[in-house]
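Participant: As a plain string of letters, each chain reads:
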Amino acid sequence: AQKITQTQPGMFVQEKEAVTLDCTYDTSDQSYGLFWYKQPSSGEMIFLIYQGSYDEQNATEGRYSLNFQKARKSANLVISASQLGDSAMYFCAMRRTNTGNQFYFGTGTSLTVIP
Amino acid sequence: EAQVTQNPRYLITVTGKKLTVTCSQNMNHEYMSWYRQDPGLGLRQIYYSMNVEVTDKGDVPEGYKVSRKEKRNFPLILESPSPNQTSLYFCASRGGLLGNTEAFFGQGTRLTVV
Chain A
1 AQKITQTQPG MFVQEKEAVT LDCTYDTSDQ SYGLFWYKQP SSGEMIFLIY QGSYDEQNAT
61 EGRYSLNFQK ARKSANLVIS ASQLGDSAMY FCAMRRTNTG NQFYFGTGTS LTVIP
Chain B
1 EAQVTQNPRY LITVTGKKLT VTCSQNMNHE YMSWYRQDPG LGLRQIYYSM NVEVTDKGDV
61 PEGYKVSRKE KRNFPLILES PSPNQTSLYF CASRGGLLGN TEAFFGQGTR LTVV
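As given, the protein sequences belong to chains A and B, one line each in that order.
Residue numbers for the first sequence follow my numbering, so the first one is 1 and each next one is one higher.
Residue numbers for the second sequence follow my numbering, so the first one is 1 and each next one is one higher.
Derived from the structure by calculation, the hints contain no laboratory data.
Here the structure is a predicted model, which is why all the values come from computation and not from measurement.
Check before you lean on any hint, since a few could be wrong.
[What the hints assert, rightly or not] Listed below are the simulated DMTMM-like cross-link pairs for lysine to aspartate or glutamate, each with C-alpha atoms no more than 25 angstroms apart in a straight line:
(1) K57(B) x D26(A)
(2) K57(B) x E15(A)
(3) K71(B) x D29(A)
(4) K65(B) x E17(A)
(5) K70(A) x E102(B)
(6) K57(B) x E1(B)
(7) K3(A) x D38(B)
(8) K69(B) x E30(B)
(9) K69(B) x D59(B)
(10) K73(A) x E79(B)
(11) K73(A) x D26(A)
(12) K3(A) x E62(B)
(13) K73(A) x D59(B)
(14) K18(B) x E102(B)
(15) K3(A) x D59(B)
(16) K18(B) x D56(B)
[Claimed, not checked] Listing some non-contacts, in silico: residues in chain A with all C-beta distances to chain B over 12 angstroms:
(17) I4
(18) E17
(19) D22
(20) D26
(21) G62
(22) S80
(23) R95
Every residue, glycine too, gets a C-beta built ideally from N, C-alpha and C.
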């Protein structure tokens with residue numbers, strides 16, 4: 001069974017500091033994709049960053065980077081220079097490349113940025 | 001503007017009264033899917049579709065039906081809603097065969113079954 005684990009239900013970070021949101025995954029597939037989504041209080045799901053299982057370099061998108069450790073099956077999201085607008089729920093997800101649109105989501109981490 | 005549109009955004013209904021939540025995308029995406037989001041459980045996939053007339057069950061399909069008669073539309077049907085189907089529902093679509101294409105989500109439909 002595929003499984004995504006986010007062990008931090010809630011996190012606090014000081015404005016302008018960096019924060020790491022943890023994500024581990026469990027799969028026997030060789031090919032898969034890892035995603036992070038942000039869900040602000042308004043409810044929409046916003047795509048942040050993607051990492052492919054065969055990508056050798058960690059993905060980066062602006063202030064977001066993904067710390068991918070394949071052997072440990074972890075895909076942690078790092079947000080640098082936190083802003084008040086970063087306060088939201090964050091979901092880690094995995095897509096099985098071989099089965100089309102099968103996405104598996106974690107339970108989410110609620111991040112609060114403190115002024 | 002590329003988007004996934006769900007309707008309605010909010011719905012309160014009674015147990016047993018059939019309802020349909022519509023989902024439409026304007027990006028010519030092959031893949032569409034439905035999720036429900038519940039506190040502490042994250043998003044769980046209900047059904048997905050890889051193309052017209054091709055649908056398959058996700059992790060929590062019981063009590064739901066879908067159809068994909070046109071590429072752009074993927075309605076979610078609750079034939080006989082029950083209170084345990086009270087949830088926040090998301091439709092999503094993605095295009096292409098590459099693994100790096102993200103899913104685009106609709107705005108969500110908050111359903112309450114009383």
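Participant: Which numbered hints are broken by the structure, listed smallest first?
Facilitator: Structure breaks hints 2, 3, 4, 6, 10, 14, 17 and 23.
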